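For chain A, the structure is supplied; the task is to place chains B, C and D on it using the hints.
There are 4 protein chains.
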Amino acid sequence: MTNTKKLAFASDYMKGAHPAILRRLTETNEMQTSGYGADPITASAKDRIRKICACPQAEVEFLVGGTQTNATVIDAFLRSWQGVVAAETGHISLHEGGAIEAGGHKVLALPQENGKISPEVLGQYLSDYWQDPNHPHMVMPGMVYISHPTEYGTLYSKAELKELRENCNAYQIPLYLDGARLAYALACPENDVTLADLAALCDAFYIGGTKCGALLGEAVVVPDPDRLPHFFTIMKQHGAVLAKGRLLGIQFDELFRDDLYLKIGEPAIRAADRIREGLQQGYRLCFGSPTNQVFCVMENRKLELLAETVLFEYWEKYDDTHTVIRFATDWGTKQEDVEELLRVIGRLA
Amino acid sequence: MTNTKKLAFASDYMKGAHPAILRRLTETNEMQTSGYGADPITASAKDRIRKICACPQAEVEFLVGGTQTNATVIDAFLRSWQGVVAAETGHISLHEGGAIEAGGHKVLALPQENGKISPEVLGQYLSDYWQDPNHPHMVMPGMVYISHPTEYGTLYSKAELKELRENCNAYQIPLYLDGARLAYALACPENDVTLADLAALCDAFYIGGTKCGALLGEAVVVPDPDRLPHFFTIMKQHGAVLAKGRLLGIQFDELFRDDLYLKIGEPAIRAADRIREGLQQGYRLCFGSPTNQVFCVMENRKLELLAETVLFEYWEKYDDTHTVIRFATDWGTKQEDVEELLRVIGRLA
Amino acid sequence: MTNTKKLAFASDYMKGAHPAILRRLTETNEMQTSGYGADPITASAKDRIRKICACPQAEVEFLVGGTQTNATVIDAFLRSWQGVVAAETGHISLHEGGAIEAGGHKVLALPQENGKISPEVLGQYLSDYWQDPNHPHMVMPGMVYISHPTEYGTLYSKAELKELRENCNAYQIPLYLDGARLAYALACPENDVTLADLAALCDAFYIGGTKCGALLGEAVVVPDPDRLPHFFTIMKQHGAVLAKGRLLGIQFDELFRDDLYLKIGEPAIRAADRIREGLQQGYRLCFGSPTNQVFCVMENRKLELLAETVLFEYWEKYDDTHTVIRFATDWGTKQEDVEELLRVIGRLA
Amino acid sequence: MTNTKKLAFASDYMKGAHPAILRRLTETNEMQTSGYGADPITASAKDRIRKICACPQAEVEFLVGGTQTNATVIDAFLRSWQGVVAAETGHISLHEGGAIEAGGHKVLALPQENGKISPEVLGQYLSDYWQDPNHPHMVMPGMVYISHPTEYGTLYSKAELKELRENCNAYQIPLYLDGARLAYALACPENDVTLADLAALCDAFYIGGTKCGALLGEAVVVPDPDRLPHFFTIMKQHGAVLAKGRLLGIQFDELFRDDLYLKIGEPAIRAADRIREGLQQGYRLCFGSPTNQVFCVMENRKLELLAETVLFEYWEKYDDTHTVIRFATDWGTKQEDVEELLRVIGRLA
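Residue numbers (our numbering), protein chains in the order written: chain A, 1 to 349; chain B, 1001 to 1349; chain C, 2001 to 2349; chain D, 3001 to 3349.
With the rest of the complex left out, here is chain A (with noise of 0.2 angstroms):
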């Protein structure tokens, strides 16, 4: 149970929705329309998206939560007899409770760097797995999940990006991105990769809405519908369908009304620059995040104090006297609580 005196920084899921998401809610509330998404709001959002990512020809469909779309995504990519390629530290990889397995499929496990899989580690993967004689008794590479920003919070190049996608022409594999906490790239000075850079590079990515301003939900973009035949029996089968499907398409049309989602994780990426710059001082940072997530190097001794006031989350074991630890921001952080936050972290020392 949380105190919600504290100064939370724990995580990007911790408050509502954006005000105009709760407004349009609410003045669409008595309106009729069919379920399971077939209403006119949904169209509209899907039409938003399709226009900003350059694609008029995508699939858009909206789901729930991150687990579920990559769950009902990767289902719906791999055969029997394949896997996905994801970093060790890849979401699937570690924290959805084994979901991919669940429905069959192995994920295999690269080695990362900052949350990142290389273009030259995917595509010595790649080449041994062909080139084992084995092969045959081994589970097979069919697709690629990446995620941008990374749960790291770190960020793919364009030119990498290209380079992966070059790697999975090569072997004729999807390239598929999550991104739960999208918005926070498209915030960020250092990112360089648009929506219609996603839709050209990727067979399928998710825009996230959870994390970035809505309640819930996740917008699944898939250039060639072609690629996903009967995608809503797959989203039935994972529980993915909405009754009232409007929830989500009401949600992304806000999102998407005058290009807010490009602009919505702006305040996110100044609170944590400002962050950084403080901790700068004294404390080490890790990962190079440049994006709504920090990380840093606390002596384990401070942290009881940090946590008497502030929300923040354990990371991992740095040594026997230092834990990596993450503050988060996101679209409505204030000021104020910012600076809030590095005066108490000043004070620890």
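Derived from the structure by calculation, the hints contain no laboratory data.
In this text the structure is predicted, and so the values were computed from the model without any measurement.
Every residue, glycine too, gets a C-beta built ideally from N, C-alpha and C.
Be aware that one or more of the hints could be misleading.
[Said to hold, decoys possible] Incomplete in silico selection of chain D near chain C, CB under 8 angstroms:
hint	residue
1	Ala3010
2	Tyr3013
3	Met3014
4	Leu3022
5	Arg3024
6	Thr3028
7	Met3031
8	Thr3210
9	Thr3233
10	Leu3247
[Unchecked claim] Here are the simulated DSSO-like pairs of lysine-lysine, each with C-alpha atoms no more than 30 angstroms apart in a straight line:
hint	chain 1	residue 1	chain 2	residue 2
11	A	Lys5	B	Lys1162
12	C	Lys2005	D	Lys3051
13	C	Lys2317	C	Lys2005
14	C	Lys2051	D	Lys3005
Leaving out everything else, chains B, C and D in the frame of chain A:
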């Protein structure tokens, strides 16, 4: 796509949420709380449900939709060699895209009457299975699934539920009840089953939110939590854990404030009763449903006319010139719409 | 545990293998060959089968048993959202411990007549599915499973198979035939279906070894191997690849040397015909089986007596005082045992 | 396809069966017995195994091959939310085509040393999992899989097995041992683990037949049968029940007659020791395997020459000019073939 000007009786998930829910979402929007359901409002909602179920030790968990809930609970109860017994018309048998089988379990379909499994049919089936010398070659019936109201809008009596329970006891298998439309049972004069009865008679049941006033969400109640260890991880694996878990907690906290859920279905029952009364003049009613679903037989030539102004559901072919159709009412159905519907039908003749 | 002194008519898998098989196993025992079926004898067996099927391009693979073969082939054909259509009495529907569902797929059970699916029933089912506006919420029929002979010993005519094939063509789904007892069809005068016919009409079928003279083993024939890419890996995943793969190759090489398989069932058919002739005096025969399974109705009071000297199978309850029982003959059934069986039955009266 | 004139050291499954097995199959061929393992010879085989394991209450079941056995036993132990811990080089991790994941379970791969999991690494892993506050989002380690000998031919000491057992006890999870090549451990002077030790230390293990003198077959031993209820149905679901179950019973009855299994690996160990002795002159041996697998580093330029007269296995790349290769011996390896192999290798230099 739906013409929202039509009289909307196609289903009970065509509008948004009960106004109290939207109000509470708006009020709490800025609050910052822990994710994954570890927030105080979710805790309050669980307590309200435990109390009304007279079951202080029950585990209560909030999931997103019916198919997901069924797949998760059934997967939690069954071992790999077991299947789930259900009416051949049960939602899990027909309309969940094979979600149960995707989890590795067979749906053992039994003959039904108006959507219900009779205790006799169930008892005979279980007895036959165990007496068949080849039963180790067959899927073991590992639990029983029923819905209340059923997919045909009918209700089990408390006496029938007790008999089903005794059947389950005799073979030491759990009884699970799908209450997607439970509010419409609770508001129906013919119903003699309370939430406390369900907690006493079922090993698990769910209280439907999506079709009963919420934007989305179902509340699973497990009277003896030891029966389903590690249920959170099972939920996670099924993509059924929301990062912003409080979205469900808030809704159920409102639905069970001042026992709202017990009364929320009343307008729907009144409306359905009025429609049944009106139809009895010239149409044959089907299945004997006393709840918010009204089924009747209509000449095919009239259907096209009716569809010009009314949204309803084609249920099944009756004969070469007639069809069974369904009108569904809900917690927000307006009296004037009902009267207009009856006028439209009156003019069809 | 079995008293081996009794007359053994309980099943067609009560002895070892055809003597030619044991001889060849002994002759080749010291040979050293590559594993996993990459040996010259297995290659020869595949060639013999391709030749007798008049299908030089067919993929032929040897698996261990019927349940494994069905689960593997069905898993290879279906996508995650599809199910397999079968008679409600089909082996996969009832007696394989839920192996198909364990692979994630629903068995879509159809009404049957004497173990057979009629082309009309199949056509109606497929048509109804695709015409149902809710079909995207339902499991898509993705292939059709039939057995020949059926579980009731009956046979499809070539004309019926052609009609089933046309139904499958109309919906572009594969037809798969389980030939666990295929030798007994091929040896039966009523049968008008050849192995070449099966290769022409089915997308896959298996030639049963276990019940037809082998120690174990089933030969899957896939006329167009492009339909099942990566079948070896699928087999591996199902535990269906033997390290000493030649154990299966050797057996099928013998079964198809000099067309042995076409004749090996003849003694069984002669024996079954003689039993049917003998039973016709005082007993009602069931299901019209013309192959190696004989079903008849017997008074319960006689069964205990019969069981003292004969091994047979209880099939199902007929009425309160009668039971349907089965006598099965096989490739090695001895004429004197048949005559003794008939004498025993004669004395029951 | 294999040139059978070559010296065959590629694997331990290149010939048929121990002569006693073929003899017994021939002697019993005409016997008629019940199917599915309910025959007196299978019963005798189980008794012999229970006796040599000093475990009279053990359940013993015969399955077909290693992948099938591992998938079936692991599926029997795990609940849906659990995974199986294994060395990253474990057979289930790499070479079973994803059979464990196809059953819905993650293989939790641990770092290994010469194919073994150290008790320290296991203990740390289990402790870390339970101490991680996010562990409910992760796959729970539900059992531990080890192989003995390992895939690298190495052996656990009795002391190491006891420590692994204690780790499992601390977290109340079962320990399962894959004994595909167990005969070669039992015949190895370095081994201090008996069958009775395995029965005392493991929750389940299997005694390998396929690689140890049988045509096929593995014997699963479950010391406390209450741990795996309904194992027959689980086997059936995995396609692991043979209609002619006695084919496995007969082989294991011979393998355990007069303790044959304890001695059957001796020729293989003698042969492997002689090869190791011969190789030590000019080659680097790898992994320290004392059993029937000999690994050494060879210059790539020599491999082609060697392959002209010898069948061996490419194991893995060592460096740009060297490769690790494997010679495997078996129960029937002839001394003269070993000497000829050493002469051939001697001439390579």
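Go through the numbered hints given earlier and state which of them the structure violates, listing their numbers in rising order.
5, 11
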